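Quick note, the sequences are listed as chains X, R, F and Z, same order.
Per the working numbering, residue 1 is the first one in the first sequence, and the count goes up by one each step.
Per the working numbering, residue 1 is the first one in the second sequence, and the count goes up by one each step.
Per the working numbering, residue 1 is the first one in the third sequence, and the count goes up by one each step.
Per the working numbering, residue 1 is the first one in the fourth sequence, and the count goes up by one each step.
In short, the hints are calculated from the structure, not lab data.
These figures come from a predicted structure and were not determined experimentally.
Please note: incorrect hints may appear among the correct ones.
Just a few of them, taken from the derived set where beta-carbon distance is under 7 Å, the chain R residues facing chain F [unchecked claim]:
no. : residue
1   : HIS250
2   : ARG719
3   : GLN726
4   : LEU875
Okay, the calculated bits of chain F under chain X, using three or more residues with CB under 8 Å as the criterion [what the hints assert, rightly or not]:
no. : stretch
5   : 65 to 77
6   : 88 to 101
Far from chain Z by the CB rule (all over 12 Å, computed), these chain R residues [to be verified]:
no. : residue
7   : GLN14
8   : LEU26
9   : TRP275
10  : ARG276
11  : LYS377
12  : SER640
13  : GLY677
14  : ASP731
15  : GLY785
16  : GLU911
17  : ARG947
Each residue gets a CB set at the ideal place from its N, CA and C atoms; glycine is no exception.
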Amino acid sequence: MNKVHYSGFKVLKEALTGHKGWKPVWRDAEPKSSGYDVVIVGGGGHGLATAYYLAKNHGITNVAVLEKGWIGSGNVGRNTTIIRSNYLLPGNEPFYELSMQLWENLEQDINYNAMVSQRGIMNLIHSDAQRDAFVRRANSMLFAGAGAEYLEQDDIKDRYPFLDMKNPRFPIKGALSQPRGGTVRHDAVAWGYARAASDLGVDIIQNCEVTGFNINNGKCLGVETSRGDIKANRVAVCVAGSSGRVMAKAGIKLPIESHVLQAFVTEGLKPVLDNVITFGAGHFYCSQSDKGGLVFGGDIDSYNTYAQRGNLPVVEDVCSGGMAIMPMIGRARLLRSWGGIMDMSMDGSPFIDRTQVDELYFNGGWCYGGFKATPASGYCYAHLLATDNYHDVATEFKLDRFLRGAMIDEKGVGAQPNLH
Amino acid sequence: MIQINRTNNGLIDQTKELSFTFNGELLKGYEGDTLSSALLANNKRLVGRSFKYHRPRGIFTAGSEEPNAIMEIGLGAYQDPNTRATVTKLYDGLVANSQNHRGPLWFDFMAITDMLSPLLGAGFYYKTFMWPKAFWEKIYEPAIRNSAGLGKLSKQEDPDTYDKGFRHCDILIIGAGASGLSAALVAGSSGAEVILADEDFLMGGRLNSETDEIDGIAGHEWAKNSVEKLKSMGNVRLMPNTTVFGAYDHGIYGAIEERSHESRANKEKPRQVNWRIYTKRTILCTGATERAIAFGNNDRPGIMLAGAVRTYLNRYAVRTGENISIYTNNDDGWRTARDLNDRGVNVVAIIDSRKTEPVINIEGVRVIINADVVNTKGRRALSSIKLSNGATIKTDTLAVSGGWNPNLHLTCHHRGVPRYSDDICSFVPGESVPDGMSVAGSANGTMVLSKAIEEGHNEGTEAARGLGYRVDYTEYAVTPQVEYNISAHWSVESGSNRAWVDLQNDVTAKDIKLANQEGFKSVEHVKRYTTLGMATDQGKTANVLAIGVMSENLGRTIEDTGTTIFRPPYSPVAIGAFAGRRRAKEFYPTRYSPSHKWADEKNAVFVEVGMWYRAQWFPEPGETFWRDSVDREVKQTRSSVGVCDVTTLGKIDIKGSDVSEFLNLIYANAFAKVPIGKTRYGLMLREDGMVMDDGTTARLSENHFVMTTTTANAVNVYRHMQFCHQCLWPDLDVHMISVTEQYAQYAVAGPNSRRLLQKIVDHEFDISNEAFPFMGASEITVCGGTPARLFRISFSGELAYEIAVQTRYGDSLMRAIMEAGNEFDVVAYGTEALGVMRIEKGHAAGPELNGQTSAYDLGMGGMISGKKDFIGYTLGLREDLQRDDRMQMVGFKPVNEQDLIQAGSHLVNLENEPTTENDQGWISSCIYSPILEHYIGLGFIKSGQNRKGDIVRAVNLLKGSDVKVEIVSPHFVDPEGERLRV
Amino acid sequence: MTRKALEHSLTCINFDMIINHPLLGPRDSEEFVYLGSADLINRPNWESETAIEDFHEYQYIRENVAGDNVELWYHEQGDQSWLVVTRSTLTHEIKSVELASDYAKNNGRSR
Amino acid sequence: MSNYSLTKISALEGARHDFDGLSLTEIVDQSLVMMAMPRNKTDKITKALNSSCGLSIPIIGQSGRSDDDSITLWRLQKDQLMVYFPYANDDADNYLKNKFKAPAYYTDQSDTWAMINVSGEESVNVLERICPLNLDLRTFTVGTVSRTVMEHIGTIIYREGRDSFVILTMRSFGISMMHALEVSAKNVL
C-alpha cells in the first residue's frame with residue numbers, strides 16, 4: 001500500500017494540485033479467508049488502538065478489526081473529549097497516567113493531528129470534607145507522578161471572573177487542578193489510529209457485525225459475522241456499551257450494566273473557557289471546543305438501556321449545574337445532545353482480561369471513563385493479547401475481582417452501576 | 001427614514017412604526033415584522049460573515065432554518081449571541097449587531113482566509129500543525145480558536161429569569177399551519193383536551209406566506225378565523241411562540257415558550273418557560289423546509305430561497321430586490337415569480353433545470369427551460385448570474401428552490417429512520433415513529449395543500465376517536481388542488497467555483513468530494529470530517545442537499561446513503577431555560593431545623609449538610625478565628641455541659657410484631673433481644689460487606705422501636721429498609737415511618753448534663769444513674785407535661801443524653817435548656833466541636849464510613865455476629881476483605897507535638913520514598929484537640945491494628961508537608977469509657 | 001460522605017418516563033428511584049456450601065439484557081412501594097408493573 | 001414539676017400571602033396521624049372506623065370524610081391511612097386510638113409536615129408551574145389526594161374544593177415550598 005505522510009508541505013502541495021493526491025485515510029478491507037492471528041471485535045477507539053499497538057509494539061500485523069457500522073461510531077464518537085489522570089486508587093492511577101503519557105506523544109507517533117490540547121482540568125471544591133477528599137486524591141496523583149496543583153480562591157477568581165465564587169450553595173473554596181489534563185478531538189483519535197494501524201497492515205473491516213463465536217470445547221476458533229465466518233487464533237472483544245450483548249453470544253455474563261450518558265454542546269462562541277471545569281457537586285463539567293462550542297455533560301440517566309438517547313430531567317439537571325457555577329451561560333444555546341451507551345461495571349473500574357473461554361479475551365467496563373483511557377487500553381490489551389501477561393499498570397482489571405473482594409471502587413458506592 | 005423595499009398590505013401593522021438599530025444605524029420597521037423582514041425593508045443585504053472563510057452573507061430564509069443572518073441582539077448582560085434574525089420579532093429599541101468579523105462588516109480583515117481557502121479544505125487541520133510539537137497549544141490552536149466561534153457571550157451573569165411548567169393533554173398538535181389547524185378544529189370539536197403549539201408568534205404557518213385561497217377566502221384569513229374558533233373552545237389550549245424541541249419517552253414532549261416581550265416590560269417575569277407536555281397522542285404538522293441547489297458562488301447576499309422571497313413579499317410586504325430571478329427544479333418556484341409579478345415587482349427570468357412546459361404563464365417574463373445557474377457575480381451583493389447556456393443575466397436577487405424537505409425531526413427522536421420518497425425527492429417519516437405520534441401535511445411529504453388539509457383533518461379525527469371521543473364534525477376546508485412536481489437536482493458542475501452546501505459552516509460540494517475520496521463514505525463520517533450540518537442551523541437547509549451530492553459522488557442511491565440521526569433539540573434552546581428556577585440558593589430546597597432561629601440569634605455560622613443548614617460553631621464576641629470558638633465549645637462541654645441540635649439525624653419509627661427479627665437481619669450485630677427501655681448501637685452493612693451507616697436503635701415498647709441514622713444517609717437507609725422488607729422478607733409484620741421531622745432532638749453532653757436535665761425533665765421521672773443508666777431509653781414528659789423521649793447515648797464520650805420533643809416545641813426547648821444551663825455555664829456547640837469530640841473519642845464518621853471500608857477495617861469486626869444471616873455477612877467473608885494487610889483504621893499523633901497533620905496526607909514507612917508502590921495508607925480525619933493540646937488524626941494504614949507504636953511519615957505533597965506520626969489507638973480520650981457510665 | 005449521599009439521593013431521580021403504578025396509575029418516573037435487576041429479590045441462602053459464589057453471582061453478575069428487563073423501581077416520592085417493572089432496554093416500552101412484595105411472595109420469599 | 005414551660009410554634013408561624021386570584025395560607029391547629037394497618041386486621045379496622053364515626057376506607061389516591069365532616073382519611077399507601085383532622089393538643093395519636101378503637105399502629109405526624117392552603121381561581125394556573133400532576137378537575141377531582149415531588153421537595157397534594165388545595169411538605173422544607181409557591185404566583189399573575 002502507498003502511505004501518505006501528512007505535513008504542512010504536503011497540504012500546500014495538494015492545495016496547488018487540486019487535492020488529487022489524497023488517498024483514503026485507511027484501507028476498507030475485505031475479510032481474509034485465511035483468517036487472522038488476532039481478530040478484534042469493535043472498531044472504536046479502544047479496538048483500533050489495540051490493533052495499532054499489536055502491530056507497532058509486538059509486530060503482530062495479521063490483525064482484523066471488525067466494526068458493525070462505521071469506525072468510531074461508538075463512544076469515541078460521542079463523548080465530552082476530556083483526558084485526565086486524576087484517579088484515587090492504586091489500581092487505577094498508574095494506568096491512566098500511562099494513558100496520559102501516550103496522549104502526550106500521540107500525534108508524532110501516528111502522524112495525525114488529533115488536537116491533543118493539555119489546557120488543564122480543574123475540580124472545584126466547596127466544602128472542607130470535599131477538600132480533604134481531593135487532597136487525598138491529589139496525593140495519589142503526585143505519588144504516581146501525574147502532577148497536581150491546589151488552586152486558591154484568588155487564582156480561580158483571576159482566571160475565571162465569570163465563576164460564581166460566592167454561590168450560596170457552592171461557594172468555591174479552591175480547586176484541584178491537573179495542568180496536564182485537557183481535551184482531544186475525539187473522532188480524530190479513531191481515524192488516526194485506523195490510519196496508523198492500516199498503514200502497518202491491519203485490516204479494518206466496516207459494516208461487519210459479529211453474530212456469534214465459533215467455540216469448540218472451551219476454545220474460541222473465530223467469529224461468525226454478517227460477512228461470513230472469520231478464523232482467528234485469538235479473539236479480542238472490546239465493544240464498550242455492547243459488551244453485554246456481544247459476550248452473551250459466547251455464553252458469558254458480566255459484572256456490567258449498560259446505561260446511557262448524555263452529552264451536550266452549545267452553538268459556537270468566541271473563546272470564553274480555556275480549560276476543563278469539573279463541578280462534581282452540581283453534576284456538571286464543561287470545556288470549549290476549538291470550533292467554539294461549549295461541550296458539557298453530567299450524570300448518566302441511571303436506568304439500564306441500550307437506546308442511545310436520554311431523557312429531559314438529566315438535561316435540566318446538567319444545565320442547572322452549569323447555571324449554578326457559571327451563570328453567564330444562561331444565554332448560550334444548547335445546540336445538540338447525544339447519548340452514548342456506557343458499559344457500567346459494578347465498581348466503576350474496567351476489565352482487561354482473559355475469559356473462561358480459551359483464546360477469547362475481554363476489554364470493557366469503562367463506564368464513562370473510556371475515552372481518556374483509549375491509548376493505555378489499547379496498549380495494555382495488546383500487551384495481554386501478544387504476551388499473555390498483564391501489563392504492569394493493568395494487573396487489577398480482572399473479571400474475578402468481585403469474587404475475591406478486590407473491588408476498585410473510586411466512589412465507594414458499592415455494586416450499583418448507576419451511581420459510579 | 002423610508003423603508004425603500006416596503007410595499008403595501010402584508011400581515012403587519014404599518015400604522016405602528018418601530019425603531020431599531022443594526023450595527024449602530026437607526027432603522028425603522030413595523031409591528032409584526034421580524035428583524036430580518038425589517039432589515040430587508042431597509043435594503044440591508046449584507047448582514048453577516050460566514051464561519052470559516054468570512055464570506056459576505058445575506059438573509060437566506062424566513063424561518064428557524066436560517067444559516068446566515070445570525071446576530072448578537074441586545075446589550076451588556078442581555079446580549080444574545082447567534083440569534084436568528086428571521087425568528088426575532090421586531091420590537092421598539094431592538095439593538096442588533098452582526099458578528100464574527102474583525103473591522104467593519106463590509107470589510108472583514110479575516111476575509112483573508114477566503115484567499116487561503118485552497119489550503120483550508122475539509123479536515124486540513126488533521127494533517128498539519130504537528131511540528132514543532134509545542135506549537136499546537138501555544139500558536140496554532142489559539143489562532144484557530146480566535147478565528148473560530150461565532151457570537152460573543154457577555155461573560156456576565158444572565159440577568160433574566162426562567163420558569164418551568166407541566167401541561168397535560170389528550171392530543172398535542174405541533175405546528176399550526178393548514179394541516180395543524182385542520183387537525184385541531186376536528187380534535188377540539190370532539191371535546192378532547194388539545195394543545196396546539198407553534199414556534200411562530202403568528203399561527204398559520206405557510207398560509208401566512210402564500211396567496212392560496214381556502215373556503216373562498218385568503219389562506220391567512222382562514223387561519224385567523226380558525227384560530228379564533230379554537231380560542232373559543234374551552235378544551236383547546238393555544239401555545240404560540242412555543243417550539244416543541246424534543247420527543248421523549250411515553251408521550252412526554254419538551255417545549256420552550258418565548259416570553260421576551262413580557263420580560264422586557266417587567267424584569268421579574270421569566271424570559272422563557274420550559275414546558276413539559278404529557279400527551280396521549282401527538283400529531284406532527286411541522287410543515288417543510290425549502291432547500292437550495294449547489295452551484296458556483298451560490299452564497300452571495302441576494303441569493304435566497306424562493307419560498308422566503310414569497311414570505312417577505314406576502315406576509316411582511318417587503319420586496320427582496322428590484323430585479324428578481326428564479327432558479328428552480330420544481331413547480332413551487334414558479335409561484336414566486338407569479339406572486340412577485342402580481343405585486344408589480346420586476347421578474348427578470350425564470351430558470352428551470354427541468355425539461356418542462358412553463359408551469360405558470362406570466363406576461364413578459366423570460367423563461368429559460370432545461371438550464372442551470374453555474375456562477376454568480378457581486379462582491380457584497382448579487383449583481384449577475386451566469387447560466388449553463390453561457391448567458392449572463394443582470395439581477396439583484398436570485399430566488400432558488402431545490403425542493404422542500406419535510407420537517408420530520410421529531411419522528412426520529414426515538415431513533416426512527418426516515419424513508420426517501422422519489423415523488424418529492426426528499427425524506428419522509430419512516431415506519432417507526434414515537435408511540436402515539438402521527439404525521440400530517442407537508443411534514444409527511446404531502447406537498448399539495450388540499451391534501452394536507454384533508455390529512456390533518458383525518459389524523460385529528462383518528463386521534464380523537466382512538467381516545468374514545470365522538471367526532472361529528474366531518475367537513476373540512478377546501479382549496480383548489482395545486483400539483484407539486486419536482487425532479488431531483490442537487491448540484492451543478494461549476495468548475496473552479498465553489499458551490500456551497502452548508503452556508504454557515506462553509507462546506508462546499510468539493511469538501512464533500514474530498515471527504516469521499518479520503519474514504520469517508522458514511523454520512524456520519526462526512527458530517528464529522530467536514531463539519532457539515534453541525535452549525536447553529538443544524539443543517540436544516542444543508543443536510544438533504546449534502547446527501548444528494550454524496551450519493552452522486554459515490555454512485556449510490558440516496559436510500560443507501562441514508563441520513564444522520566436527528567436528536568433533540570429541534571432548534572437550539574437557551575441553557576438558562578433548561579435550568580429554570582434552579583439557580584443560586586434555589587439550586588436545591590433548603591431545610592431548617594427547629595432551633596435555626598435561635599441559633600441565628602446566637603450568630604451561629606451555618607454549613608449545608610444534605611440541604612440542612614446546621615450550625616458549625618457559635619462565635620462569641622472577641623473570637624476572630626473559628627478555632628477559638630470550637631476549642632471553647634469543646635472545653636466547656638467536656639468540663640461542664642454543652643448542647644447540640646441533632647434533629648437532622650434520621651429518625652425512623654418501626655412498629656410491628658416482627659421488628660426484632662427484622663432488625664437482626666439488617667444490622668450486623670445482634671438485635672434479637674433488645675430489652676424494653678434500652679438503646680443499642682447498630683452497625684448497618686451493604687450487601688457487599690462494606691459499612692453503609694451506623695446509628696442507635698431504642699426499644700420503647702414490645703412492638704415499638706425508634707432508629708437513628710446519620711444525617712447524610714437518612715433517605716438511603718430508609719429506602720434500603722423498605723427494600724429489605726418488601727423485597728426480601730415481605731411477610732414480616734414491620735411498619736416503618738420517618739419521624740425525623742416529627743421530633744426536635746438535642747444532645748446534652750458533659751459531666752453536668754444530668755443535673756441540667758433534671759431541671760427540664762418532670763420530677764416524676766427519675767433519671768439518676770441507677771434509675772436511668774447508660775444506653776437507657778424512655779418516654780417521659782418535660783417542662784410540665786410535654787411528652788418527650790430521652791436516650792442516654794453519647795457521641796462525645798462524655799456523660800450524655802439526647803432528648804426529643806415534638807418539633808412544635810423545638811425552639812422553646814432549646815431556649816429552656818440554655819436558660820436552665822446558665823448555672824452550669826452551659827455552651828451551645830456546633831458540628832465542628834461535635835467533629836472534634838468524636839475524633840478525640842475515636843468514633844468513625846463520614847470520612848471513615850466512605851463506602852470503601854468494612855467493619856473489620858474500622859476495628860468493629862468483633863461486633864459482627866457469626867451466628868446469623870444479615871445483609872453483608874456472606875460477601876464480607878471474601879478473601880481480600882479478610883486479609884490482615886488491609887488498610888485498617890487507627891489513630892495518629894505527631895511525634896513532634898508542634899507538627900500539624902493534614903487530612904488527605906498519605907502514609908509511607910520512614911525509609912521509603914512517596915510513590916504508589918510505597919503507599920501505606922492515608923489520614924481521613926484530622927483536628928487540633930484542645931484537650932490534648934496537639935493535633936490528632938484518624939486514618940487507615942496497612943495492618944494498622946497490629947502496628948500501634950510504629951512511626952511513619954504523613955506526606956502531603958500537594959501542600960509540601962511531611963511529618964512523622966505515631967500509630968496509636970483511635971480512642972484518644974477516656975479509652976475505657978468511664979465517663980459515659982458515671 | 002455528606003455531599004456524596006446528597007448526590008446519591010438526587011442523581012437517582014435522573015430519568016423521565018411514565019410508570020403505570022398498579023395502585024396509583026400513571027406516574028412520572030421522576031418520583032421513583034431506580035435500583036436494578038429484580039434478581040436482587042432472589043437473595044441466596046447464607047448457609048449453603050457455595051454461599052460466597054452464590055452471593056457473588058447475586059450481587060455482581062447481570063443478564064444486562066438487550067430487550068425486556070425485569071427491574072426494581074422504588075416510588076420514593078409516592079407510596080414508597082418497591083415495584084417490579086418489565087421494561088424494554090431497547091425502546092423503553094414498559095410491558096408490566098407489579099408490586100415487588102407480591103412478586104417476592106410469588107418467588108417464595110416470606111420471612 | 002419542672003420550672004420551665006414550653007410554647008409551640010407552627011412551621012411557618014402562620015404565614016399568609018395574597019395575590020390577585022390566589023392566596024397562600026399556612027394551615028395551623030390541624031393534626032395528621034398515620035395509621036399502619038397490620039396484616040389481616042383490615043376488616044376489624046374497617047368496622048371500627050365505621051362504627052366510631054362513619055368513616056370508610058377510601059381507595060388509594062382518594063379520601064373519605066366522617067359523618068360530621070370533621071375527620072378526613074387520606075389513602076396514600078396500601079397498608080396505611082393518613083388521618084387529617086382539626087386537633088391542637090400534643091396527643092393526636094392517642095386521641096384517635098381511643099376514638100377509633102381500631103387495632104392499628106398510630107403515629108403522630110402533625111409536626112412532620114408544613115401545611116399550606118392554596119386557594120383562588122388561579123390555583124391551577126399557579127400550581128402547574130411546579131406540580132407534575134394533571135390537576136384538571138375531571139382527572140384530579142375534589143377529594144383526590146396524592147404524593148408527588150415539586151421543586152425537588154416531596155409533597156402531598158389534596159384537593160379540598162374546586163379551587164382549593166392543601167399542600168404538605170416535610171416541615172423543614174416548609175419555607176422553601178412557600179417560596180416556590182410565591183415565585184409561581186409572581187411569574188403567572
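The hints, checked one at a time:
1. Here the hint on R:HIS250 is kept, as its CB sits about 4 Å from the closest CB of chain F, short of 7 Å.
2. With a cut of 7 Å, the hint placing R:ARG719 at the interface with chain F holds, because the nearest CB-to-CB distance is about 6 Å.
3. Of the supplied interface hints, the one on R:GLN726 holds, with its beta-carbon coming within about 4 Å of a beta-carbon of chain F, less than 7 Å.
4. Checking R:LEU875 against chain F by beta carbon gives a least distance of about 5 Å; that is within 7 Å, so the hint holds.
5. Counting residues of the stretch 65 to 77 of chain F whose C-beta lies closer than 8 Å to any C-beta of chain X gives 4; at least three are required, and the coverage claim holds.
6. Residue count for the stretch 88 to 101 of chain F with a Cβ under 8 Å from a Cβ of chain X: 4. That meets the three needed, and the coverage hint holds.
7. Separation of R:GLN14 from chain Z is adequate, the least Cβ-Cβ distance of about 34 Å exceeding the 12 Å criterion.
8. With 12 Å as the threshold on Cβ separation, the claim that R:LEU26 sits away from chain Z holds: the shortest Cβ distance comes to roughly 34 Å.
9. Residue placement check: R:TRP275 does not keep its beta carbon more than 12 Å from all beta carbons of chain Z (closest about 9 Å).
10. Taking the minimum C-beta to C-beta distance to chain Z, about 7 Å, the non-interface status of R:ARG276 is violated against the 12 Å cut.
11. Chain Z leaves R:LYS377 outside its interface by the beta-carbon criterion, the shortest separation being 54 Å against a cut-off of 12 Å.
12. Every beta carbon of chain Z lies more than 12 Å from that of R:SER640, the smallest distance being close to 19 Å; the non-interface claim holds.
13. For R:GLY677, the shortest C-beta to C-beta distance to chain Z comes to about 19 Å, beyond the 12 Å cut-off, and the non-interface label holds.
14. Here R:ASP731 does not stay apart from chain Z, with its beta-carbon only about 8 Å from theirs, under the 12 Å limit.
15. Listed as outside the interface, R:GLY785 is inconsistent with that label: its C-beta sits roughly 8 Å from the nearest C-beta of chain Z, within the 12 Å cut-off.
16. Listed as outside the interface, R:GLU911 is consistent with that label: its C-beta sits roughly 53 Å from the nearest C-beta of chain Z, beyond the 12 Å cut-off.
17. The non-interface label for R:ARG947 is consistent with chain Z: the shortest C-beta to C-beta separation is roughly 44 Å, beyond 12 Å.
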